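Participant: These protein sequence lines map, in sequence, to chains A and B. Under my numbering, the very last position in the first sequence is 374; numbers go up by exactly one each time. Under my numbering, the very last position in the second sequence is 259; numbers go up by exactly one each time.
A few of these clues could be false.
Simulated coverage check for chain A against chain B, where a stretch passes if three residues somewhere in it have a Cβ under 8 Å from a Cβ of chain B [what the hints assert, rightly or not]:
1) 81–90
2) 222–228
Simulated DEER-style distance windows between Cβ atoms [stated by the list, open to error]:
3) B/A225 to A/A261: 16 to 24 Å
4) B/E72 to A/G308: 50 to 58 Å
5) A/A107 to B/A130: 48 to 56 Å
Hint data in this document are derived by calculation from the structure and do not stem from the laboratory. Because the structure is a prediction, the values reported are computed rather than measured. Yeah, the Cβ is synthetic: ideal placement off N, Cα and C, and Gly gets one too.
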Amino acid sequence: MSRQPDVPSSMVFLPHEGLSGLLDHLRSEGYRCLGPVVRDGAIQMEPVAHPDAFPIGFRDRQEKGTYALEDAGDARMFAFANGPQGLKPWLFSPRETLWHVARRGTALAFEPAEIDAAPLAVIGIRSCDLAAIAIQDRHFLGGARPDPAYAARRGGLFVVAVNCTHAGPTCFCVSTGDGPAARAGFDVALTELEDGFVAAAGSERGERALAGLGLAPAGGAREAAAHERVAAAGSAQTRSLPGRDLQAALLANLLHPRWEAVAGRCLSCGNCTLVCPTCFCHCEREEVSSGGASAEHYREWDSCFSEGHAFIHGLQVRPDIRSRYRQWLTHKLGGWHDQFGRSGCVGCGRCITWCPVGIDITEEAAAVCGAATP
Amino acid sequence: MARLRVSVHKFSSCDGCQLALLNRVEEVMRLADRVAFVHFAELGYVNPDAPVDVAFVEGSVSTPEEVMRIRELRKNARTLVTIGACATAGGIQALRNLQADGRAWVAALYPSPEHVSLLGTSHAISRYVAVDLELWGCPVDSRQVFSAIQALALGVMPINPRDSVCMACKREGNVCVLVAHGAPCMGPVTRSGCGALCPRFGRACYACYGPSEQVNGLALTQRLASLGLDPDAIARRFLSINNAAGPFTEAGLRARASQ
Chain A
1 MSRQPDVPSS MVFLPHEGLS GLLDHLRSEG YRCLGPVVRD GAIQMEPVAH PDAFPIGFRD
61 RQEKGTYALE DAGDARMFAF ANGPQGLKPW LFSPRETLWH VARRGTALAF EPAEIDAAPL
121 AVIGIRSCDL AAIAIQDRHF LGGARPDPAY AARRGGLFVV AVNCTHAGPT CFCVSTGDGP
181 AARAGFDVAL TELEDGFVAA AGSERGERAL AGLGLAPAGG AREAAAHERV AAAGSAQTRS
241 LPGRDLQAAL LANLLHPRWE AVAGRCLSCG NCTLVCPTCF CHCEREEVSS GGASAEHYRE
301 WDSCFSEGHA FIHGLQVRPD IRSRYRQWLT HKLGGWHDQF GRSGCVGCGR CITWCPVGID
361 ITEEAAAVCG AATP
Chain B
1 MARLRVSVHK FSSCDGCQLA LLNRVEEVMR LADRVAFVHF AELGYVNPDA PVDVAFVEGS
61 VSTPEEVMRI RELRKNARTL VTIGACATAG GIQALRNLQA DGRAWVAALY PSPEHVSLLG
121 TSHAISRYVA VDLELWGCPV DSRQVFSAIQ ALALGVMPIN PRDSVCMACK REGNVCVLVA
181 HGAPCMGPVT RSGCGALCPR FGRACYACYG PSEQVNGLAL TQRLASLGLD PDAIARRFLS
241 INNAAGPFTE AGLRARASQ
């Protein structure tokens, strides 16, 4: 889907009021459009009919364990860092039926669940979340048996990425190498200026989408301004991880006293893992219905902070918060290198903002690994 | 296939958990070829001493008569399931357990306290007899109880989640009321099963489902304090409907002692 780096891109200028034309085009191509909207005091990905629904003028204030919105009263649509979820709930469903089983006389009939795979176009995905989707793709699609539901939804996805021009205090994608500019995995990428967007296509269907809008070239000045804004968002980031590959440092510090200290503050509620755009753990259960005539086998989001996650027949292998927090961090920042060839952290900062007690992964990793780790 | 013989019994309680069953009575009746209610006074079946496959118990043990009755009931029930905060943790009425003399409140509350035969304590059913399954909540979630009946009719243990309300909130797509609105939410220490009902409507969870599988009461106490709650207000968050559930008692008393 991504453009080859050696193919020159022709950037065009899309005025703010022209964005509705892009949505119209996507709808005419059969896509259901998702975009950021303010709901219940946070910016969330929801179905949208028109860009008027976007959080025009909104800024987010994020810190450890706190999130708030304020209206700056200007025309900018994407001048916030990110909301409580990336695209994870739309691709890896929080709860999904995998199959049904029904009694047919004395036999059992197994039937696969229907998959809702109406094509989605998503407007406003950031580079951190695109990096996360690339990781989830490897998890759900990379093996010998790709996940059919994820594959169906992923296959129909049209991505309009937005390069970040506003970094939140909890953002650290520069240190993970995942932002603030989208480099791959998009059909169209937008960089917002005062009056509109510098737009570039990242795929053939993205090119078709932009071509139909009759846009003028962005021009050197706008391109330079866009580049400058994204670079500024990168240099505004104040948090960072102490290195890209912390596997050795973490495994050398499994008995570090910091694990005990963080366990004292950690609620083991699982929020960090469920807002993480790369966490993929789930459990599977059976639920009886129709008075026992049928049953549903479903999977739902689970967490390494849950008791059941570490329960193997007759044995709880991670009986306390210390061992569960350590499992999360050593897997996310360590074990993923073996599994996926990179860390499982894309620097979105959601686990910091949405932790009810504000535990900061960058602080904990630095404390356990030692700040001097390469 | 023999029908599952089911009874529903009331101890010290408000009847709300029985209502959770009655709310789905049409669905329950559709199970008629698999389930037979033997005793369920609110539904019109009265036969409290009959032997049953499954006895659902609402309410705590709060009077001398209830001590005798729960022991008899246990003998008559192959599987005993507690429904709700009273039966599972002693209920709001267990607040008297924290007093020097639990009976003293009777005199303060009733004009003729001599007619009230009361233990000094209110305890969960499990304090007196073995319990096979505990369904939490004030009240229980009717869907959960209905689902439990269906599973028990097939001879399997029902799904009974112990993870936090936060997990349910995230699966539901609710915005965190603590992080985004500074609400004193008990979700991080409360078990799921309610479908995150209160946060779904923008309200802080008040822990009616009791402690989740791993409670860090001190960490939440410190966070609630940073939101501006004083120690007494924090103690009341823990010492409420499920005040007699161990981790909540401990956290609440510690907060109260820090005043």
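Participant: If a hint holds in the structure, say so; if it doesn't, say that too.
Facilitator: Hints versus structure:
1. 81–90: holds (count 3)
2. 222–228: violated (count 0)
3. B/A225 to A/A261: 16 to 24 Å: holds (19 Å)
4. B/E72 to A/G308: 50 to 58 Å: violated (36 Å)
5. A/A107 to B/A130: 48 to 56 Å: Distance hint for A/A107, B/A130 is violated at roughly 38 Å.
Of the hints listed earlier, those the structure fails to meet are numbers 2, 4, 5, in rising order.
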